[in-house]
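With chain A's structure known, arrange chain B on it following the hints.
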Amino acid sequence: MMLSFLSDLFTLDFMLRAFIAGIILGILAPLIGSIVVVRRLSFIADTLGHFSLVGISVSLFLSTLGISIFFERPLYLGIAFSIVGGFLIELFRRSYKNYKEISMVIVISLGSALSAIFFSLSKKTGSLYNYLFGSILTITDYYLILIIIIAIIVIALFVIFWKQILSVSFDETTAKFLGINVGLFQMMFMILLSIVVSVLLESAGVLLISSMMIIPVAAAMRIGLSFKSTLILSIVFSELSVFFGLWVAYSVKIPSGAAIVSVNILILIIIAVIKKTVQRRNIAKLDSLQR
Amino acid sequence: MQIDIRNLSFAYGHKTVINGLSHSINSGDYVVIRGKNGTGKSTLIKCLLGINSVKNGMIFLDDTDINAYKHWTKFGYVSQDFDDFNYEFPLTVEELLKFSSVKKGTQHNYLKLLDQMGILEILNQNINSLSGGQLQRVFIVRAMLNNPEVLILDEPTASIDKQNTEFFYKTIDEFNKEGITIILITHTDSIEYINYTHTLTLNLDLTSVIDVKPPVEGDDAL
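Protein chains in written order, with my numbering: chain A, 360 to 650; chain B, 28 to 249.
Because the hints were derived from the structure by calculation, they are not lab data.
Heads up, the beta-carbon is just placed ideally off N, CA and C, and yes, glycines get one too.
Each hint should be verified, as a subset may be incorrect.
[Stated by the list, open to error] Simulated crosslink set (DSS-like; lysine-lysine; CA at most 30 Å straight-line):
#1 B:K130 to A:K522
#2 A:K587 to B:K139
#3 B:K73 to A:K522
#4 A:K456 to B:K82
#5 B:K42 to A:K459
#6 B:K101 to A:K456
#7 A:K456 to B:K97
#8 B:K189 to B:K73
#9 B:K101 to B:K73
#10 B:K125 to A:K587
#11 B:K97 to A:K522
#12 B:K97 to B:K130
#13 A:K456 to B:K42
#14 A:K522 to B:K125
[As the list claims (entries may be wrong)] Under 8 Å between C-beta atoms, here's a sample of chain A residues computed to sit facing chain B:
#15 V396
#16 V397
#17 Q523
#18 F529
#19 T533
#20 F536
#21 L537
#22 G538
#23 G583
#24 F586
Looking at chain A on its own, in the form it has when it is part of the complex (with noise of 0.2 Å):
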């Protein structure tokens, strides 16, 4: 079953594309995903999941009039409807400052209802399942080349800019006295966090985007013994899960996004059973030493 995967996996041009689009998402994902959850944000990128849709299904509206610049190409709307979002979570939680979890239900609530609007007047809801449950396996050439894009951009700003990432994610009161120019990093971060999250839109879908992003760091969080190592376990977990996602979601035929999140719960439990397993282990040790 494995190699037969493995033979179609490099013969199959969509299978090759989904495979490319997985390993770089997989290291886009928990890189983004360990800075939200350093931020305690960890329910945002649902947030904005939830807005990007919007602009999917304001897409697929526009055609039914006949503007069908954005028919082929949704993301784009979905990056601007996600960045939107974004804003719309800060302006929030600036009138909500003590409860600053409302901002994000609001705009949640928002995203659900105008999708569910869009996409009934668009008369195309066929195509929501894709975007609930994502779908890798169908990605074009040209989504692939924009994921390479996005994720150079991505990954060269956070090399460029990690030391003033990092300040403003531990500790945003004391990041002024760093030197840092906190407003401009936080927007810069919403901005990276709303376009990985719509990228993500299309192979994981909405319902599982900070799956991707978060699971892998859960895990990596519980034997991490830095910020470096947590990071690099995080994205060796991720694309263990991409690999044998894809491989379950391409034998078994379900949906990759459920498929790559499901893989990826499992580690997130055989970490937790290790460490738990480790712990008794070393308890055990010492108290039989103290006898």
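Just chain B now, with coordinates in the frame of chain A:
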């Protein structure tokens, strides 16, 4: 750094916590801000640092209105209980200090400062495995990375033991002797161990008292 507070008032909603406070802090001063809980000590600090925006009254930093002030790297700040910092995510001391060394020319300051604080050996340790005292010293090192002119510490000894408290005040004395202005909030410590130049006591009835430490023969801090 000259700090002038003029007729400053601050309220959370309808609750006024600072009412018409005026005070000047000169370069090299060692100011202890005292007062019971709820007297506005942390609020005052947050106003001085531009975290709380000043709308009633004025604060001048080197003759510049705080609302137009840009040179925040001249300030080092250690917050109470480090509550703004996410220290649950895996992160080593070296990683924290490396990414905090943003300003050019400060990249290697942290090794010298860690040595000065007596914690060079914890360089590769995870932040969440440190004791309260070690963590506090790490945050002081971070606050000192940019060679600030003013070091502001909010209840710095609240969560550390007596031995670490004594070491802490000794180190802060050294920084003050190097010319750094120290502004320190405390509400429980007895201040006889501190080489302050003056105290500013905030009271629950929104008044304040400035107490200048009398010169003591042989006290080279004055």
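Okay, the hints, checked on the actual structure:
no. : hint             : verdict
1   : B:K130 to A:K522 : holds, 10 Å
2   : A:K587 to B:K139 : holds, 23 Å
3   : B:K73 to A:K522  : holds, 24 Å
4   : A:K456 to B:K82  : holds, 18 Å
5   : B:K42 to A:K459  : holds, 22 Å
6   : B:K101 to A:K456 : holds, 28 Å
7   : A:K456 to B:K97  : holds, 25 Å
8   : B:K189 to B:K73  : holds, 27 Å
9   : B:K101 to B:K73  : holds, 15 Å
10  : B:K125 to A:K587 : holds, 12 Å
11  : B:K97 to A:K522  : holds, 20 Å
12  : B:K97 to B:K130  : holds, 14 Å
13  : A:K456 to B:K42  : holds, 17 Å
14  : A:K522 to B:K125 : holds, 8 Å
15  : V396             : holds, 7 Å
16  : V397             : holds, 5 Å
17  : Q523             : holds, 6 Å
18  : F529             : holds, 5 Å
19  : T533             : holds, 6 Å
20  : F536             : holds, 5 Å
21  : L537             : holds, 5 Å
22  : G538             : holds, 4 Å
23  : G583             : holds, 4 Å
24  : F586             : holds, 5 Å
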